[in-house]
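Participant: Chains A and B, in that order, are what the protein sequence lines are.
Sequential numbering of the first sequence, starting at 0, is according to numbering that gives the first Met the number 0.
Sequential numbering of the second sequence, starting at 0, is according to numbering that gives the first Met the number 0.
If you are wondering where the hints come from, they were derived from the structure by calculation, not from laboratory data.
Please read all numbers here as calculations on a predicted model, not as lab measurements.
Hints may be right or wrong, so weigh each one.
Claimed, not checked - Label pairs and their computed distance ranges (CB to CB):
# : chain 1 : residue 1 : chain 2 : residue 2 : range
1 : B       : Pro116    : A       : Asp190    : 20 to 30 Å
2 : B       : Tyr173    : A       : Asp63     : 38 to 48 Å
3 : B       : Arg87     : A       : Val132    : 45 to 55 Å
To be verified - Selected chain A positions facing chain B (in silico; Cβ < 8 Å):
# : residue
4 : Tyr103
5 : Ile104
6 : Tyr110
7 : Lys119
8 : Gly161
9 : Lys193
All C-beta atoms, glycine included, are put in the ideal place defined by N, C-alpha and C.
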Amino acid sequence: MKKIFCVFGLFLLMLSFSSAALAGEPQDRLKGGIDKVISILSDPALKGASKRTDRQAKLRAVADSFFDWRELSKRAVAENWSKYTPKQQDDFVGSFSELLQKTYIRKLEKYNNEKVNYTKEQIEGNQAFISTVVVMKDKSIPINYVMIKRDQWMVYDVVVEGVSLVKNYRSQFAKVLSKESPEALLQRIKDKIKALDDGKNVDDIVGKEG
Amino acid sequence: MKKRSGLTLRGIARHVLAAAGLMLLLSGVCLASEKAPGLKPAGPVLLAYGDDDIWDETGQIVKKTPGAAMSVADQVAETPDPLEGWNRAMFTFNDKLYFWAVKPVAQGYSFVVPERPRLWVHNFFHNLMYPVRFTSLMLQAKFDAAAVETSRFIGNTAFGLGGFADITADSKPYKPIPSVEQDLGLTFGYWGAGNGFYLVWPFIGPSTGRDTLGYAGDYFLTPATYLNPWYWSMGTKGYDKVNEVSMRIGDYEALKEASVDPYVALRDAYLRMRYKKMND
C-alpha cells in the first residue's frame, strides 16, 4: 500500500515539474537553443583561452540555426531594404550577422551560471513572442524573443530590458542612410568587422560621426 | 562620526522640505516645457516593417488606432534631439572618461575586491537610495509598492547589517506590486510629462529635459548628498559608481562594438529603457 502511495506521489511530483514541458513549439525550440548555448559555455572541455576558436565556432553554429538573419536584417533596414539589389541584400545579411555574432558571442562568454526562467509564451499565426527572465547576482533582466515560423521557428528579434535589437539598429541605419548611400552603410559594417578582426581596442573604434 | 555632524534631524527635515518644494516647482516647468514649439522628431518616421509588429517590447499586443504610424514606445524613442552637436561632444567626453578613468579604476577594484563584497556594497547603496524610491512611489500613488519598499528598507537596515545583506530579496509580497525601481524623472513621466528633448550631461550620461529635472530632485533625496564636507559626499557617490561599473564591465563595450553609430544606439537604448521602467 505504501508503495502505491509512493508511486502516486512521484507521479504527482513529475506532473508538477513537467509544466515547463507543456509549453508550445516555439518556446521548446528556443529553450533547446539556449540550453545548447549554456552547455557549450559550461563544458569543461571547451573552457579556457586555448579553446576559444573551437568554442566560438560551436556557438556560431547554434546561433546560425536559431536566428533568421535575413528577417532580422530586413526589419532593421526597414523601408530602405528595397534600395539594395538582391546581391547586395545577401551581402548585407552576411556582414550584419557576422558583426552581431562577433560582438555578442564575446559577451556571451562572460556567462556566469545565470539561470533563465521562461515566463510567458504567446503565439499569433506564424509569429511568437517568448518572455524570459535572466536571473543575475544583483538583479534580474527581462529578455524577450520574437520568433517567426519558417521550416522551424526562428528568432528574428531580441528585446533586452525594453530595447529591441531590430529597432535599435533601425534607428542607427536610418540615421546613417539619411546622409549616406546604402553602399556606404554596408561598407561601414564591413569596416567595423575588420577593425574587430584586427583586434583594435574598442576604445579606438569610435563610430564615425553619423 | 564627527564628520557627519551636518546630518542632524532638523537639517534633514529642512532639506526634505526644500526638495519637495523644488520638485513641485520643477514639475510645473516640466509639464509646461512639453509643449515647446518648433521641436522636430530626431529621425524620419519609420514605416514598413514596424507596421506589422504584433507585440510591443514588453509582449503586449500592439493596439494602434488606424492612422497612427507608431506605437507609443516608438514615439518615445523618436524624442527630439535639437542639441545633437553638444550631445555628441558630451557622448565622446563620457566615452573617454569611461575608457581612460572609470573602467581602469573599476577593473583594478574588481581585481582586488571579490564579487561577493562588491554585491554587499551594491546592496548597501541600493538600500540607502530608499528615499528616492519611496517618494516617487508615493507621488505615483502606488501605496502598496511604497509600503513593501518601506518594510524592505526597515528589514534590511535593522536585520541586514545596515543594508549590506539583502535579506528581504526572497520575500515576495502577497499580491504582485508594480516595480519599485522608480525615480522622480519616471514619476513626471508617469504623470504624463513627455521627455521634452534628449540631453547628454558630462559625467552623468544620457538624460532628457524631463529626467534632468527629476535628477535634480533626486539629488536632494539622496542621503549621500548630505555628507559633510562636500568631498566626502562626492567620494561616496564616486565609489558607488565605480562599484556599479565593476559589475557591468563589458556591457557598454558590446553596445559600442556592435553599433554603426554608437551615439544613436545609446540614445535609442536609453529612451526605450526609461520608457519601459516607467511602465513597469
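Participant: What are the numbers of the hints that this structure violates, sorted from low to high?
Facilitator: 1, 3, 5, 6 and 9
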